[in-house]
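Asker: Sequence:
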Amino acid sequence: MSHMKELTKGLFKENPTFIIMLGMCPTLGVSTQVSNAIGMGLSVIFVLTCSNVFISLCRKIIPDAIRIPCYIVIIASFVTIVEMVLHAYVPAVYEALGVYLPLIVVNCIILGRAEAFAGKNGVIDSALDGIGMGIGFTMSLSLIALIREVIGAGTITLFPVGSFSGVITLPGISDSPVRVLTLAAGALLLMGYLKAFFQWKSGRGKEAEA
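Here the sequence shown stands for residues 1 to 210, numbered as in this note's numbering.
Incorrect hints may appear among the rest.
To be verified - Here are the simulated DSBU-like cross-link-like pairs (lysine-lysine), alpha carbons at most 35 Å apart as the crow flies:
#1 K5 / K60
#2 K120 / K60
#3 K201 / K13
#4 K120 / K201
#5 K120 / K13
#6 K5 / K201
#7 K9 / K195
#8 K9 / K60
#9 K195 / K5
#10 K60 / K201
#11 K195 / K13
#12 K13 / K60
#13 K195 / K120
#14 K9 / K201
#15 K120 / K9
Calculated directly from the structure, the hints in this document are not laboratory data.
All of these numbers come straight from a predicted model, not from anything done at the bench.
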């Protein structure tokens, strides 16, 4: 039961985007298209899970005085692997993510989980924590990107497969999109509404438990 709790807490109860409010820079920066959100989300899942496991394995031999630099070196190693794979196999996503990809190294979610959880818990729990938090971040990022792209551009951008270009144009909405949602101001406005909604849902859940 404890393992399941570690896996699922990042989805809703401790969602890194809507509840804890971490990783806002990549959330607002790459959530203009669904494909970018999925690419960033999968990258974070990989880096977060692998770094959590490695840090958990090494937690007893890493000196406390230099634990943060050690964590950054470990995280940077996995980010480099992600960069090389994306550059080689999905160059379009690599280019779209731009500077936000190497910035995963100092992402508050990953460093926060390393410091608050992986450095103090076992390998299995740390791996589940990384997977759950990563999936929660990916779900949040994809939801924001879907709303911003559909309403702001009238399209849904996925990954091209065969003759499919990867772009779905939505009739009607694409003719008169709400362009402000593709801008930084629109992203902040949307985040405010979504944060308020999740806070309301969380409050209702606590009232039901009481």
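Asker: Each hint needs a verdict: does it hold in this structure or not?
Answerer: Do the hints match the structure? See the list:
| no. | hint | verdict |
| --- | --- | --- |
| 1 | K5 / K60 | holds, 25 Å |
| 2 | K120 / K60 | holds, 9 Å |
| 3 | K201 / K13 | holds, 10 Å |
| 4 | K120 / K201 | holds, 31 Å |
| 5 | K120 / K13 | holds, 21 Å |
| 6 | K5 / K201 | holds, 19 Å |
| 7 | K9 / K195 | holds, 17 Å |
| 8 | K9 / K60 | holds, 26 Å |
| 9 | K195 / K5 | holds, 23 Å |
| 10 | K60 / K201 | violated, 39 Å |
| 11 | K195 / K13 | holds, 13 Å |
| 12 | K13 / K60 | holds, 29 Å |
| 13 | K195 / K120 | holds, 29 Å |
| 14 | K9 / K201 | holds, 15 Å |
| 15 | K120 / K9 | holds, 17 Å |
Hint 10 from the earlier list is the only one contradicted by this structure; the remaining hints agree with it.
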